[in-house]
Amino acid sequence: MTESTEVFDADIHAKAAEIIGRYPVARSALLPMLHLVQSVQGYVSQEGISFCAEQLDLTDAEVSAVVTFYTMYKRKPCGEHLVSVCTNTLCAAMGGDAIYKKLAGHLGENGTPLGHEQTSGTPGEQGSITLEHAECLAACDLAPVLQVNYEYYDNQTEQSAVELVDALRKGERPQPTRGAPLTDLKSAEQQLAGFFPDEEQFTADVDGPSAAEETLRGATLAQDRGWVAPAMRDEEANHG
Amino acid sequence: MTTEDLLAGSSKTTAPEETETEVPEGHVKLVVDGEEVVAPEGELLIRTAERLGTVIPRFCDHPLLDPAGACRQCLVEVEMNGRPMPKPQASCTMTVADGMVVKTHRTSRVAEKAQEGVMELLLINHPLDCPVCDKGGECPLQNQAMAHGRSTSRFVDTKRTFPKPLPISSQVLLDRERCVLCQRCTRFSEQIAGDPFIDLLERGAHQQIGTAETADIFDMASTTSSGTPFQSYFSGNTIQICPVGALTSAAYRFRSRPFDLVSSPSVCEHCSSGCALRTDFRRGKVMRRLAGDDPDVNEEWSCDKGRFAFRYANAADRIRRPLLRDDSGELVEASWTEALRRAADALVAARDGNGAGVLTGGRLTVEDAYAYTKFARIALRSNDIDFRARAHSAEELEFLASSVVGTTPEHVSYASLEKAPAVLCVAFEPEDESPIVFLRLRKAARDKGTKVFHIGQWTTSSVRKTLGELLACQPGGEAAAVDGIADHAKDLDAALSSDGAVVLVGERAAEVPGLFGAVQRLAERTGAQVAWVPRRAGERGALEVGAVPTLLPGGAPVADADARRALETSWGLDAGTLPAEPGRDTAAMLAAAASGELDALVVAGVDPDDLPDPAAARNALANVGFVLSLEMRPSAVTEHADVVLPIAPVDEKTGTFLDWEGRERPFTVTLEGTGALPDCRVLDTLAVEMNADLFTQTAQAAWADFDRARVPKGTFGTPDVPKVPFGTPPAPADAVRLATWRQLIDNGSLEADEPHLADTARTPVLRMSRVTAERHGVTRGEQATISTDRGALTLPVEFADLPDDVVWAPARSPESIRGVLGAGHGAGVTLAGGAR
Amino acid sequence: MADPITPVLTKRWLSPNSWRLSTYEQLEGYTAIKNALRKPQEQIVALIKDAGLRGRGGAGFPAGVKWSFMPQTSDPARPHYLVINADEGEPGTCKDIPLMMADPHSLIEGCIIASYAMRANHCFIYVRGEVLHCIRRLHAAVREAYDAGYLGNDILGSGFDLDITVHAGAGAYICGEETALLDSLEGRRGQPRLKPPFPAAAGLYAKPTTVNNVETIATVPYIVNGGSDWFREMGTEKSPGPKIYSVSGHVENPGQYEAPLGTTLRELLELAGGMKDGVPLKFWTPGGSSTPLLTADHMDVPLDFEGAAEAGSMLGTTAIMVFNETVSVPWAVMKWTRFYEHESCGKCTPCREGTFWLAQVLERMVEGRGTEEDIDTMLDVCDNILGRSFCALGDGAVSPIESGIKYFRDEFLALCEDNKAKQSDSALVGASA
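Protein chains in written order, with my numbering: chain Z, 1 to 240; chain A, 1 to 836; chain D, 1 to 433.
Just so you know, these hints were derived from the structure itself, not from any lab. C-beta: ideal position from N, C-alpha, C; glycine also. Please note that a few of the clues may not be correct.
[Stated by the list, open to error] To spell it out: a stretch of chain D is covered by chain A in this simulated footprint if at least three of its residues, at any positions, have a beta carbon under 8 angstroms from a beta carbon of chain A; those stretches are:
1. 264 to 278
2. 347 to 355
3. 358 to 368
[What the hints assert, rightly or not] Keeping only pairs whose Cα atoms sit at most 25 angstroms apart, straight-line, the calculated BS3-like set for lysine-lysine is:
4. D/Lys195 <-> A/Lys448
5. A/Lys490 <-> A/Lys465
6. A/Lys443 <-> D/Lys207
7. A/Lys448 <-> D/Lys207
8. Z/Lys76 <-> A/Lys164
9. D/Lys406 <-> A/Lys87
10. D/Lys195 <-> A/Lys113
11. A/Lys87 <-> A/Lys113
12. D/Lys195 <-> A/Lys443
13. D/Lys207 <-> D/Lys195
14. A/Lys87 <-> D/Lys195
15. A/Lys465 <-> D/Lys207
16. A/Lys113 <-> D/Lys406
17. A/Lys29 <-> D/Lys195
18. A/Lys29 <-> A/Lys87
[Said to hold, decoys possible] Derived DEER-like restraints, expressed as beta-carbon distance ranges:
19. Z/Gln159 <-> A/Met85: 52 to 60 angstroms
20. A/Pro24 <-> D/Pro196: 38 to 46 angstroms
21. Z/Gly226 <-> D/Pro62: 27 to 35 angstroms
22. Z/Asp57 <-> D/Pro196: 40 to 48 angstroms
23. D/Phe69 <-> A/Val771: 20 to 28 angstroms
24. Z/Gln159 <-> D/Ala309: 42 to 50 angstroms
25. A/Pro40 <-> D/Thr295: 27 to 35 angstroms
26. A/Lys490 <-> D/Pro196: 34 to 42 angstroms
One chain only, chain Z, in its complex shape (with noise of 0.2 angstroms):
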């Protein structure tokens, strides 16, 4: 049996019961402690299993139940990033596919489009890209959209993803239209699990852009316009 403490240091061992802290029942920590998982080793290993399973007192059975039903949660390693193009039917439709495709060939090598969830470069290492087909990934408006470590890179052509994707390549990180300025999978795993950096940095990430032309357009059309709701009665307003 492998000692999972090998694997995880005292850190996360802290930011382990810092998780199970956050809920009246200790289970619950489960998901955000695999994204912790991720966070170290850029995907969920067997040690990962097993390090969850001592944390929360449960079989490794059970927590290999619960890795194997969440798609984020990857069974073998990753590229520095993760490249996620929706491919859902309205994003298809107005290029997803073609963008997926483009990428798994541009990405694959001697001939061979690079699969579902394979990567391209060594995992771990910079520039390395594991590409994967996404569902719905609730930005509809602003299809086709794709994803690096689940920041939003919105309207994309099939050129545009190209560029991107050769840029990460290349260990540069552009901007995404939405979110923080772009790290590496494990930084996001991190996040995800609910630890962020330091004050500065994160109010910067925090800040990062959000507001797309496509989300404020109704908003937008309705200040160009005089459009407005029906104004709320004073003593509604301030008292009740």
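Fit chains A and D to the known structure of chain Z by using the hints.
Okay, now just chains A and D, sitting in the frame of chain Z:
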């Protein structure tokens, strides 16, 4: 009744008959397929329909598991308050309600089509391999597909395939293609057994049953899987409740067709749980055993030992002919006549000399044990008989005489465990020592809110899975712990004082001086009922028939002249014939045999390594003048025997066990005509050779004779409550104290020849606290050794929450602790790192 | 008659740094809790009932009625929980994520009021994991709210305590189903639970629990401030209030349009600048892929709960996906069916096996290897899934297929005809060989 009739009947729902059916309190009235029915509140529709004779097809539903509603096979139409529910409802999850109108597939086309639809969907990915499937012929899916399915498939695309079979333990193999994902196996493991080592993996159409080993998780280190296999004492139940052929047993796989088998109800011979089993055989050979359905005892479950450990009876070295030791000292086959003559002569000589003692072991049926009892008293004219082939004490015997013999399920039963507000386990490890008691305790704790307490050394699996509370004490300190409950565990004391509380005492209590007295004081103070749960199937029955030095059949004391007189009358003996002096117990007999105070020993299924001092036992067997062994297979006893008489295993005889409750568990012969003789028949004939009549030619005769002869203990007064002093054993200087008991699956002699079962045994380890390990230079995961001046035992180390300077070791995994160390529970041993 | 667009929830989105507490406070933020925390709990529940606020997650169940199912007393042994369903994943749906990104404090203020009304002291926001920026904004907003005393102990001196935990999911559409969400939040596979017991009786940790959608709860502070009459000035009698319509696909100006319930597609298309490049409309969904498709014939259906239902669909999440004539219906249906197959949790037979089967038939059909019989088989399989599966995912899965075949059977038939033609061609080739 035709469908038309039923449909006509359903009109009753709109115009109910004039005469109102009486609805008792806690019941409701509803209409199922036009028939008015009264049902208890909370009953599931699928059961109500079943009571009316309508079997609604189902897969995930199981009456002993929490409802799941997953397979959707049991859909019916339901109307409430005159309004039809918009969708068909799963009858396995919906409970009855007053005024409900239910239409099953018999009267509703909607329900029928829904069921046909689900059946078709279940079959699209199911392989058409019934002809080679173990389940074929007894398969719910096959049966229901024949009854409710389409004759052709509309599915023309590609079926889902998986590599197969996938071993999820050495004993259970998984075929994921056949699986219909009803989750009975995972729900059983989680809910009933408390062993969630199998679970659902993946999702959607890729969903599958698996273990941590089978999950598709990349292993960076070795690319081989790590994790835990399906390690459960109860894994075999999942095979039995699987409604398809997805889970098969390594032992039975491809060995037989269900329709070639003959089934015989049977009773498990392994422990005192008393499980009803079903033994399936073909051409004189047992092919498999299944759990029987006995709601009062094992419900529908059995442990893996009961299910799989039956091959010993077919072992190649089975003794089928009498053996005599020849002049060269070798055992050679002989005729029954010759062997019986030789044994009778030797025993008569011994009887007339210093005497002969009888060691019966704990494996006998009531009838066989009775024959030994009567044989000792009449043929050997002695009370030197004891069934306790394990650590024992005079205190224990007094406890058994005063508190156990004569009790029936009306005293404490499985049902009373479920009803109990609290159960205290003392020196008893239920999962290892009586697995069905364990399951019932878990059920009581999980479903009925029973609080389970354990006086022991560490938080064992039994403690965890009974949602229990541990009162930790030193091994040997249990008596003090029990006496301390009033002052130190007031919540437990209060719980035990509430109506229906139960105290369960295990066989290990005999190793702790003063414990029985403490338990009786506790019972007297709190009013809790006390029950004794021996480990072996025959112990409770052997006690009842008087296979002990102080009691007569039925439990009356040997020392009681009136009781003796009554028995003499019943047995047709002259007054004063029966020996009046209490006999020797097992240890005393062995000591007497070794020193020449006894001239002979009659030994039934006894393994010297189970005895308190195996070395002394071997010495006694070697030195006593004559040893008669009644055995199935060569053993440490036959090694020293002068005559060996073969006897029948349970499959080949009729008999009765008394389970721990005192419940009679009769069974009849499964394999007829093998020529093997039960102990009672062999003893009857032997006695005739010695001019004594036992009237135990058959089990039936033996039982009838016992029933006539038994003198209940109450008839002639009750022995005194034992008053044995106790003290916490002195702390060992540089030693640690040993805690030990037998694990369910170990190297017991009835587990022979079943390697798949053996592989599921828990890994033998030494358990101790981190502090203990540090103090003695021992490292977790590495080897350590416990030793006495007799010998040493080396095992890998694991940490557990034991008291400091206590080490736990399995009693017979792989070796006998007593055999190697000459020490038992509570003894001081030396602990050191590394192997010896 | 309200204006065509009625910015209530979306009003602040135009402000710079709209996600910050300071912005929120400048724009009347956290005034509703001051109002609410003074009132008896029952009065707030009654207000939400009177307003007729219906759940914005798709089913449209009256929120006030749902709240009233919670026990009306506090028992320390049985704490109450509010759980926010922010697992937005229904294809086409993209309203909650922008709302939480742009104005997270409106959700938090709604959580405080709703928790107070239902006597919950712990609220969980279960947000899908793939939306990191949104999760980040939520964490930041919750921190700000704690620092300002809007969360924690004795909020604004009211004696009411509330903790909010932001919980990231891990990629499973089914977790949008409220009982699956609860299992997931408990650290399990997100598979739906048996009902009864309903969450209000035994939800999270088997304690009384209410699960509400983001948009529903974010609406609450406005109702508290504006009153039920004000709220009912927008929308229809049975579907009052404003609603964020997410218009996507082949339109000139896709985006979020907050309009009164009952707005029609024709009106929404007008707001969105019409069909992209003038290519005519072919089909659309009123509220995500689980709501049956509608066509150009349904342009004037009032998009409220009743109108959508009368037209044979459902309002769902008001995710208006617009497809023009260039899109093949069988292809679109096949893509959606693959989605349902991928997202089926696997618990029940009809959904697990049915979506597996239907996806294969549709893939085959789109590849030109379908038969007319396949169409009937698919409809019958749909009939065997609809209303037979454990939860609504199965029902949703058959929506595009049944409605697609209903309105565009000819397109499916055409694929089969092509197939037939190909087969007879090859037979001729074979015969001549």
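How the hints compare with the structure:
1. 264 to 278: Since three or more residues must qualify, the claim that chain A covers the region 264 to 278 of chain D is violated, with 0 doing so at under 8 angstroms.
2. 347 to 355: Answer holds; 8 residues pass the 8 angstroms Cβ test.
3. 358 to 368: Held - the region 358 to 368 of chain D has 3 residues with a Cβ nearer than 8 angstroms to chain A, which meets the minimum of three.
4. D/Lys195 <-> A/Lys448: 22 angstroms, holds
5. A/Lys490 <-> A/Lys465: 23 angstroms, holds
6. A/Lys443 <-> D/Lys207: 22 angstroms, holds
7. A/Lys448 <-> D/Lys207: 19 angstroms, holds
8. Z/Lys76 <-> A/Lys164: 23 angstroms, holds
9. D/Lys406 <-> A/Lys87: 22 angstroms, holds
10. D/Lys195 <-> A/Lys113: 24 angstroms, holds
11. A/Lys87 <-> A/Lys113: Holds: A/Lys87 and A/Lys113 sit about 13 angstroms apart, inside 25 angstroms.
12. D/Lys195 <-> A/Lys443: 23 angstroms, holds
13. D/Lys207 <-> D/Lys195: 14 angstroms, holds
14. A/Lys87 <-> D/Lys195: 14 angstroms, holds
15. A/Lys465 <-> D/Lys207: 23 angstroms, holds
16. A/Lys113 <-> D/Lys406: 22 angstroms, holds
17. A/Lys29 <-> D/Lys195: Distance of about 23 angstroms is within 25 angstroms: holds.
18. A/Lys29 <-> A/Lys87: 22 angstroms, holds
19. Z/Gln159 <-> A/Met85: 52 to 60 angstroms: Because 55 angstroms falls inside the window, the suggested range holds.
20. A/Pro24 <-> D/Pro196: 38 to 46 angstroms: Violated - the Cβ-Cβ distance for A/Pro24 and D/Pro196, about 24 angstroms, lies outside 38 to 46 angstroms.
21. Z/Gly226 <-> D/Pro62: 27 to 35 angstroms: 33 angstroms, holds
22. Z/Asp57 <-> D/Pro196: 40 to 48 angstroms: Once the Cβ atoms are compared, 30 angstroms apart, the range 40 to 48 angstroms for D/Pro196 and Z/Asp57 is violated.
23. D/Phe69 <-> A/Val771: 20 to 28 angstroms: Because 52 angstroms falls outside the window, the suggested range is violated.
24. Z/Gln159 <-> D/Ala309: 42 to 50 angstroms: With a Cβ separation near 43 angstroms, Z/Gln159 and D/Ala309 satisfy 42 to 50 angstroms, so the hint holds.
25. A/Pro40 <-> D/Thr295: 27 to 35 angstroms: With a Cβ separation near 53 angstroms, A/Pro40 and D/Thr295 fall outside 27 to 35 angstroms, so the hint is violated.
26. A/Lys490 <-> D/Pro196: 34 to 42 angstroms: The hint (34 to 42 angstroms, Cβ to Cβ) holds, given that A/Lys490 and D/Pro196 are roughly 39 angstroms apart.
The structure is inconsistent with the numbered hints 1, 20, 22, 23, 25, although it conforms to all the rest.
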